[in-house]
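Enquirer: Read off the chains here:
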Amino acid sequence: MSVENTFKGNGETRSLLIENLEKEYVKGKPVLKGLSFEVSGEETVGIIGPSGTGKSTLLRCINRLIEPSKGSITVAGQEITSCSGKDLRLARRRIGMVFQEYNLVERLTVIENVLCGRLGYTPVWRAWLRKFDQADINRAFKLIDHVGLGEFATQRADSLSGGQRQRVGIARAMMQSPDVIMADEPTSSLDPKTSVEIMELLKKVSSTEHIPVLINIHDVNLAKRFCDRIIGMSKGKIIFDGNPSDLKDSHLSEIYGGEDWLS
Amino acid sequence: MTNTMTWERFTPGQRLARFAVYLGAVSLFVFSLSTVEIIPEFLYDAPYQLQDLFTRMWPIDFASYTQENIHEALIETLNIASLGTILALFLAVPVALLSANNITRSPILNWFGKFILVSSRTVNSLVWAILFVAIFGPGALAGTFAIGFRSIGFCGKLLAEALEEVDHGPIEALRAAGAPTVSILLKGYWPQVAPAFWGLALFRWDINVRESSVIGLVGAGGIGVALDTALNLFRWQQVALILLCIFTIVIIAEVAVTKIRQNII
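Chain order of the listed sequences is A and B.
Counting from 1, position 4 in the first sequence corresponds to residue 4 in my numbering; the numbering is continuous, with no gaps.
Counting from 1, position 248 in the second sequence corresponds to residue 248 in my numbering; the numbering is continuous, with no gaps.
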């Protein structure tokens with residue numbers, strides 16, 4: 001317990017720094033072409049851009065579910081790209097991730113899914129015997145309340161609706177006590193009303209946990225409404241990086257191409 | 001009015017090919033029949049022999065159930081089947097992990113795992129039983145090992161397939177949370193394959209009840225030993241009882257397994 005908790009102590013390190021990030025799946029055909037940006041504090045950053053432009057690749061490079069080809073990624077002062085083996089695993093604990101398809105373990109209960117966020121901190125035998133740390137269990141219940149699922153804690157994940165599952169996904173990410181949370185299209189499988197609720201929740205997470213939240217999102221209006229900052233990507237490059245209010249139709253036209261859809 | 005349109009399901013070439021396949025199948029059957037060397041006298045005699053066998057089996061010798069320890073042999077058969085299945089499951093789990101290509105990311109190790117699974121299945125349980133009788137001597141221990149080793153292939157193959165078919169999403173999520181590999185196996189893979197695992201365990205136990213009643217013929221314990229003895233001594237009424245017992249126990253096992261499977265899935 002002690003090592004990882006002291007790690008978290010200094011609040012100023014809760015930032016994400018990306019420098020010249022490049023990724024090519026096929027040699028000579030880069031998907032990400034030298035991205036650089038920094039996120040810190042309680043910023044909520046919406047990453048917009050057409051499908052296939054590398055938004056998901058970008059997020060997955062940050063926690064190395066996908067190996068970046070070049071560049072450097074620093075999370076809370078720790079260089080991620082040079083980590084390997086156990087160091088990488090320990091580094092991943094500091095990066096929460098929320099998925100489009102929720103990625104819950106369907107046959108486990110809500111509480112156990114949330115506790116899965118603690119697996120990086122829990123010895124294998126404890127995970128096996130379901131003897132989670134009491135502090136973790138208390139926190140899991142608190143987080144389940146926090147995301148509004150108090151009465152569902154002991155229900156199985158496959159009995160929940162899409163919006164409820166995404167709430168569990170968010171609670172699981174928070175359970176890691178991360179330095180940054182990344183959400184990959186968290187609202188794309190949800191109806192408009194639920195999408196708004198999930199975005200509100202992510203925004204709230206950013207301020208209660210005092211961490212930056214990165215959100216890949218298709219819906220430009222949702223992004224403008226809930227994010228403090230928008231990063232617009234096209235063809236593997238950052239086209240726009242700034243306040244939502246500064247995002248004009250000309251930028252959108254440059255990001256997505258064409259103009260007819262804007263009217 | 002309408003023009004006359006011709007339509008045929010197959011082209012002449014396809015028809016010819018289909019005819020060739022039929023012709024091939026029939027000639028193969030005729031050829032196989034000629035190699036079997038049926039002796040007509042024995043074939044004509046068969047109905048009489050069958051009738052004779054049944055008259056010698058009747059009435060069934062129910063008294064021998066307790067007198068000749070058939071009850072004990074029956075229980076031993078069930079024990080061999082159950083212990084053999086448990087042994088197989090323990091041995092099959094590591095082999096399944098080795099052969100599932102989404103868990104062990106090394107084609108050579110995958111191949112090695114599959115090699116173990118195939119070897120287990122290609123050797124018949126009677127052959128396994130003969131091998132283990134040679135090692136442990138006759139008795140239930142040899143039978144248990146024979147059943148266990150025979151079942152590794154079946155259990156391991158089905159488990160490996162279940163492991164390869166899991167939803168990758170939750171696995172990715174646990175990896176992203178920094179979970180150690182063993183925890184990912186326990187919390188990501190196991191909940192997803194558990195129904196398949198228990199299903200295949202019950203199914204294999206059902207098969208093993210049948211298999212373990214045969215392996216006694218080569219001395220590997222169970223009711224097969226009693227059957228072998230009764231056959232050698234021409235005690236046909238006792239043979240009838242043993243066959244009835246095997247039949248009953250197999251039916252009971254099958255019904256029980258079906259019921260349990262319905263309730264866990």
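Check each hint, because a few of them may be wrong.
Far from chain A, some chain B residues (derived; all Cβ distances over 12 Å) [as the list claims (entries may be wrong)]: (1) F31; (2) S82; (3) H168; (4) E172; (5) P180; (6) Y189; (7) Q192; (8) F247.
Some chain B residues close to chain A (C-beta under 7 Å, calculated; not the full set) [what the hints assert, rightly or not]: (9) M57; (10) P59; (11) I60; (12) G169; (13) P170; (14) A173; (15) A177; (16) G178; (17) A179; (18) K187; (19) P191; (20) Q237.
Bear in mind the hints are in silico, worked out from the structure with no lab data behind them.
From the three backbone atoms N, C-alpha and C, an ideal C-beta is built for every residue, glycine too.
Enquirer: Would you mind marking each hint as holding or not holding in the structure?
Expert: Here's how the hints hold up against the structure:
With a least beta-carbon separation of about 54 Å from chain A, F31/B lies farther than 12 Å from that chain, consistent with its non-interface assignment. Even its closest Cβ contact with chain A, about 25 Å, leaves S82/B beyond 12 Å, as expected for a residue assigned away from the interface. H168/B, annotated as away from the interface, has a beta carbon of chain A within 12 Å; the closest lies near 9 Å. Interface exclusion of E172/B from chain A breaks down, the closest Cβ pair being 6 Å apart, not more than 12 Å.
A beta-carbon of chain A comes within 12 Å of the beta-carbon of P180/B; the shortest separation is about 6 Å. Residue-level check failed: Y189/B sits 10 Å from the nearest beta carbon of chain A, not beyond 12 Å. Annotated as non-interface, Q192/B brings its C-beta within 12 Å of a C-beta of chain A; the closest such distance is 7 Å. For F247/B, the requirement that its beta carbon stay farther than 12 Å from each beta carbon of chain A is met, with the minimum near 38 Å.
Using the Cβ-Cβ criterion of 7 Å, the hint placing M57/B at the interface with chain A is not satisfied: the shortest such distance is roughly 51 Å. Annotation: P59/B was flagged as interfacial toward chain A, and the flag is violated, the nearest CB pair being 54 Å apart, outside 7 Å. Evaluation of the I60/B hint against chain A yields a violated restraint, the C-beta minimum of about 49 Å exceeding 7 Å. The beta carbon of G169/B comes within 4 Å of a beta carbon in chain A, closer than 7 Å, and the hint placing it at the interface holds.
The restraint placing P170/B at the interface with chain A holds, with a minimum CB-CB distance near 5 Å, inside the 7 Å limit. Below 7 Å, beta-carbon pairs count as interface contacts, and A173/B has one with chain A at about 4 Å; its hint therefore holds. Proximity of A177/B to chain A holds as hinted, the smallest CB-CB distance being about 5 Å (cut-off 7 Å). Look at G178/B: its Cβ gets to within about 3 Å of chain A, closer than 7 Å, so that hint holds up.
About 3 Å separates the beta-carbon of A179/B from the nearest beta-carbon of chain A, less than 7 Å, and the hint is met. A cut of 7 Å between beta carbons decides the hint on K187/B: the least distance to chain A is about 6 Å, and the hint holds. Given hint, P191/B at the interface with chain A, holds; its Cβ is 4 Å from that chain's nearest Cβ, closer than 7 Å. Among the interface hints, the one on Q237/B is violated; its C-beta lies about 53 Å from the nearest C-beta in chain A, farther than the 7 Å criterion.
Consistency with the previously given hints fails for numbers 3, 4, 5, 6, 7, 9, 10, 11 and 20, ordered from lowest to highest.
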